[in-house]
Structures are given as C-alpha cells and as structure tokens.
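Student: Here is what each chain is made of, one letter per residue.
Number of protein chains: 2
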Amino acid sequence: MALIVQKFGGTSVGDIERIKNVANIVKKTVSRGHKVVLVVSAMAGETNRLVALTNQIQEIPDEREYDVVVASGEQVAIGLVAMALKEKGLKAKSYLGFQVPIITDNMHSRAKIKKIETKKLKEDIKKGIIPVIAGFQGVTEDGDITTLGRGGSDTSAVAIAAALKADVCEIYTDVEGVYTTDPRICESARLIDKISYEEMLEMANLGAKVMHLRAVEIGMLYGIPIHVRSSFNDREGTWIIKEEKMEKSEVTAVTYDKNQAKVTILKVKDRPGIAAKLFKPVSEAGINVDMIVQNVSTGGYTDLTFTVQRTDLKKVVKILEPVVKEIGAEGIVSDDKIAKVSIVGVGMASSPGIAAKMFETLAQNAINIQMISTSEIKISCVIDEKYTELAVRVLHEAFDLGKKKK
Amino acid sequence: MALIVQKFGGTSVGDIERIKNVANIVKKTVSRGHKVVLVVSAMAGETNRLVALTNQIQEIPDEREYDVVVASGEQVAIGLVAMALKEKGLKAKSYLGFQVPIITDNMHSRAKIKKIETKKLKEDIKKGIIPVIAGFQGVTEDGDITTLGRGGSDTSAVAIAAALKADVCEIYTDVEGVYTTDPRICESARLIDKISYEEMLEMANLGAKVMHLRAVEIGMLYGIPIHVRSSFNDREGTWIIKEEKMEKSEVTAVTYDKNQAKVTILKVKDRPGIAAKLFKPVSEAGINVDMIVQNVSTGGYTDLTFTVQRTDLKKVVKILEPVVKEIGAEGIVSDDKIAKVSIVGVGMASSPGIAAKMFETLAQNAINIQMISTSEIKISCVIDEKYTELAVRVLHEAFDLGKKKK
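These protein sequences, in sequence, are chains A and B. First residue of the first sequence? That's 1 in our numbering, and the numbers climb one at a time after it. First residue of the second sequence? That's 1 in our numbering, and the numbers climb one at a time after it.
The shape of chain A in the complex, shown without the other chains:
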C-alpha cells in the first residue's frame, strides 16, 4: 500500500466527461489498496479566460488582484472533482490553498511555497477521505491569495508529495510521458521510461514543455519519484528519479527552443566592468540572459553576443541602446531568427566525443553553428531557425534515440 499524490492538469479535467474519468482513475488506484491525495488544475482554457479578463481591465494587472481572479479556476475544478469522487462512492473533500494551508511568500503571480501544513490532510487520509487540493495557489502569512506562475500545479503536487512523504507523485497529462524529442517533428521519437531529475531539469530549461521546472527541483531535493503519464490510458509513462537508480545513457534526449533571439554589441572596449554595465540593467528589468559569448579581443576591442527569450528582444534593445552609447561601443545588432538545439544526458560528462559527434552531425547537414554552450549534462548549439526540425531529426538519429527498427 502506497501513498500516491495524483496531479491532474487542465486537459485531464477539461470537461465533465474528463472529470468523471479522473474519478475512475482514482477509484482504480484506491481499489488497488493505495491511499490517494489529489492536486487539480483549472479546467483547460479557464486560466486563459481569466487572464484575458484581467487584461481587459488593466494593461498590467494589479498583481494581488490578478491572483484573486486567476486562482478561482482551480476552485471550480476541485469542487467538481470532489463531487465526481463522491458520486463514485468515494469519500472526498476539497481544499483551497488557504484551507490546507499552503503558505507562500508574497511574490504575487510567481509565489514560492514556504510551508505546507499536513495536519488536516493526514487526518483525512487516516479516515479514508481523499483530499482534493487546488493546485497553482497558496496563501501568504497575511491571508492574501497567491499563485505560483503558469504550470504551477505541478509544483503544488510535488511539494505536497514531499510534505506528506508520499511514495510517488503521478503527473497525469495529455501526453504519454517524456519523449526523446518532440514527436510532432520527429516520427521516431521514443517514450523515455526513466530519466534523472538533472536531465529533466535541463530539458525543461531547454524548451521541453512537459513539466514545471520548480516541480522537478523539489522532486530532486526531497527524492520524490515523479511519474509523468497519460490520463487517457492505463500505460506507464516516464519516471523521473535519482540518477543512481538508472543506467547512465550518453544522450537521453534532443530538445529545441525557438523562443530565442541573439543580441551582439559591436566593438566593445575590452576592459573590466563593461560586462556588468551591460548586463545589470537587463537583469534589473527581470530579463534572463541565457548564453553569452565573447570573442577573442583584437586591438583592445571585442564583440559581445548573448541570447535572450525572443519575447524579451525589443525590451533588451531599448534598454541597451543608451548603454552602448555610454560605453562607446560601435553599435548593437540583433537576430530573432535563431533557435537553440540541445542534447541532454547524464552519461555525457564521462563520454568524450559526444560534443564532436554533435558538431559533426550538424556540419554534415550544412547547418552552421552560431554559438555553443555546454554543461555537465547538456550541449546546446544556436543555429539558424529554419534548420531546427532538420537538426533535431539528424541528432536524434545520430545518437540512436529512436524506436528500435522492426
């Protein structure tokens, strides 16, 4: 008998029939002798509808009130799911963030969980009552409603699993699990049965949209196995677990991210403090700089290139134009027709030649590499956006990630 936290995303509770299906999944789990705690997202489309309402009132919505409005989506979902469970003869009780309570800091719309009170939940579990908890939301110590940012229900679920010392956190979604690459652009993409937290973190970072980053971090920190699986069938999906429990693969997956843009500051004087002058105003505007490349200095000048999310490009250029003048650089150029293609794998560090093979594969296909960035478990290349799908497919093939040929 295990204690299982099951999280159902927006598409899994998207309509009345899907909500009834959730009740079936829970009933099956209970009938196998397990204890279950549910975490539920808003019905698909609901959060978007609520966000749109706030935008119609204020261009930049007041953050406290934004959270009040958007948190209501999960409230509807947990009530309906609790009813559906009762209709199947199960005992259930819905919980809003403030009722658990799930205490967060007061960074509205991107709050972080500070503490989860487990007393009421444990009492329910003991009595055979299934707690149905609103994902995505919490409450500050002052009683204000907060939300954790888009996709935050994953984080709620893993954090609740950690607080309850659950045996596993199951993330039910509309895909089968985590794939070696995006199946929409690569036919031979294969479902990964096991992946390490570290690899999953890199993948989430590099553009794979399966799981919320914080959720994986919390899972890693507390050692909670996360099982990403489909709510449409009973098959096993992908287990996200500790590295030592799995065979180390050289390369586990290929990811890509088209939400990328490149900025180059031309002929920057190569002296201390210049980089800080450039990047401080950017980070103060809340913009993440990803890769940074500085060419070898010639004649005391260098070109400085970095990437940002494409949606931030205009803002970055606007911020840097006066700075560029101030530091006496020649100018600023940008390119938003780029993409980042990456390979991820825990075995990479101990396998020399992986990087070379990646570069070679791209070269053989006449794909020029504009920037390179590496970590212990990933290698990323910035390329011309139009080659994205080709690059993904040839790398997937080169590292033999596909389904076994029949």
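Please note that a few of the clues may not be correct.
If several chains are the same, the list does not tell them apart, and a pair holds so long as it fits within one copy or across any two.
When the alpha-carbon atoms are kept at most 20 Å apart in a straight line, the in silico SDA-like pairs for lysine to any residue are as follows [what the hints assert, rightly or not]:
| hint | residue 1 | residue 2 |
| --- | --- | --- |
| 1 | K86 | I60 |
| 2 | K120 | N106 |
| 3 | K122 | L3 |
| 4 | K315 | V282 |
These are calculated hints, taken from the structure and not from any lab test.
Following the hints, position chain B against chain A.
Tutor: The following block gives chain B in isolation, referenced to the frame of chain A:
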C-alpha cells in the same frame, strides 16, 4: 461625509464595460467626500453556469462542494472591480468571505451570517482604501466556504453595513427601484420613493423580486436605511426606511405570485391532531405551506385547502397520498393554475374598508376569489391564474397607485 456600503449585482458587473462603470460610480461617490465599502455579486450568468456544472456531475450536488464551486463567481468579480478602481487612481483591496472574515453557520448553500469581523475593513477605510468584498459567501468557524443562497449578496451588503454602522446601504441593480407594481404588466406602475421595511418584507414574501428577504430583515433589525437604485443612471431610487419616518399610505403596492398551487384534502374528519398529521411530513420535507383554509365543519367532516409553491406541488401530493388514506379522508385534489394577488400598505390596519374595496374591485371584474389571507399590512387573494394581470391592473387603479395623469 457618510460611510456608504454600495452593493453591485450581477448585471451591474455583467461585462468589462459595466465593471468600469462601477468604478465611475464609486469615484463619483468618493469625490463627494464619502467613504465607500463595496459588496459585489458574480458577473451576470456566471452563478447559473457554475450551478449547471455541479448538476452535470451530481443530480443533487454535495452541499459543501457546491458552495466551493459557486462561490468562485464572486471571487472573479471582486478582483476585476478592485483592478478597475485602481485603474481610476483609487486605492482598493478585494476581500473573500474568509479574508474579512464573514463567519456563517455551516448550513451549506443557505448559510446564515453569525459574525462579521470589521477590524481589517475599518483599517482600510481609515487609510482611504476601498474594501471590495465578495457577496453571497462566508466561511464557517472550521474554515469551510459557505454561500447564503441565491440573492444572498444583498444580505452580505446590509449585514456589512450593519457591522460597520454605515449611514446607508445602496443596492445598485438593473431597475430604478421598487415599483407600486410590476411595470411589465401595468403601464402606470410608479417608482416608490420611500417604503417601510415591513412593507418591503411583505412584498418580497408576496412575489416582488427586488430584494433578498433576509437583507430587509437585517436592515430593519439594525436600522440601516437601504437605497435601491439603478447602476445605469444617477437618479434616486427607492429608500427602504423605518415606518415612523414616512407618511403612512393606505396601500403602497400591488404584488402577484404565479408560483402557486392549491391542494385540497376532501372530507377530513374534524378532530384534533389531524392537521398536524397532514402538515408535519410536509414541513419535514422542507416545503413551506403558505395559506391554509378550513371550511366550516358539517357532520363532523371538513375540507382542508392550502397553498404551496407550484414547484413543490408534485412532492406534496406524493407525501400526502398515504397520509390521506391513513386518516380516512375522501381524497386529495390539486390545482396549479392559480395565482396570489396582494395589496401591501402600512396604513391598512388603521383604514377599515380596504379589504372590502379589494374584494369589490375583483368582483366588478368578474374575478372569483378562491382564498383570502390577511395580515396587519397586506391582504392576499388567490384567484384563477389567467386573471392575474387584469387583477393587478384594476387593483393598482382602484387604490390610485399610478402615475399622476398629466
């Protein structure tokens, strides 16, 4: 400078434009030097949508979870209204039931307010912050969400006005105020400028749908003047106030209620305990019996006639059929083609001849009276449903309630 509680109903916050209009009304009130506290309903149609969702999951929805789902409508509205106020440069802060808190009993879906904590609200008012409070909802002492029943936002507003000792509670709605009768069926219906709590209670009881009954009761109990007015213009509406502050009118209004049905138990033995045997199971089923008429006993037998809401008729007949057999009555007959037409006025008790005039007026128009019920301030007649509109018009005319002829 007055402290004004302003309540905006569903149509007054029905879309983004209407919500912005609410902000204009509030701004105008503030600019006149008043302090304002808002109570807001869900956007028009939203509560119906949520109720429909619950009905799709459970025929009789679990009451605790029903409240969780339907209370979310007000949550969206208060966030949006608070944003709209901020957009106009006002200071505002939304409050859910649990945040005030508004403590209720635990009768889910029809909870009664037990206590309203005013500390936070008073602090806000002192700082010039406008509290925007969710109507319709509260929280039990155990932290469960409750709702007060349909139309409950009126009750929230008047109760908050009472707790804050406000000078007036303004109920903004989509009509101009309270009319002498339904303007849809009587052209000459006139807006009433002042009406007593007692008259308003009778009117609400007798089918006028302007205000929630409990709201008027609380207003009367705490002496809070209630001003029912339109959110679509700046004109004064109807003041609901203490009787001694107004001229006593003989008849103030004519009301009607078509949601009526009549049940007759034929040839009941006229002995003690029979009425209790009949009405106990009916009241235990939560069904309100309204008028009861017992004919003079002849030969130890009597016919017993009573009215119930039409929507309860089938249930009542089903409950009473076995009882009728048990007590040896001849049978049970029912009629759902009836209506109740009433005249209301605080001056009625001291003006003999009002009842006679009512009966005479109906007789002159060939409208047969089937049942009569009177109180200090109202007289009700049950008539054939098809004469409802005619009866309303001739009574309105007979008691000279209409607009002055030009």
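Student: Look at each hint and say if it fits the structure.
Tutor: So, going through the hints one by one against the coordinates:
no.	hint	verdict
1	K86 x I60	between (41 Å within a copy, 11 Å between copies)
2	K120 x N106	between (23 Å within a copy, 18 Å between copies)
3	K122 x L3	within (11 Å within a copy, 46 Å between copies)
4	K315 x V282	within (9 Å within a copy, 70 Å between copies)
The structure agrees with every numbered hint stated previously.
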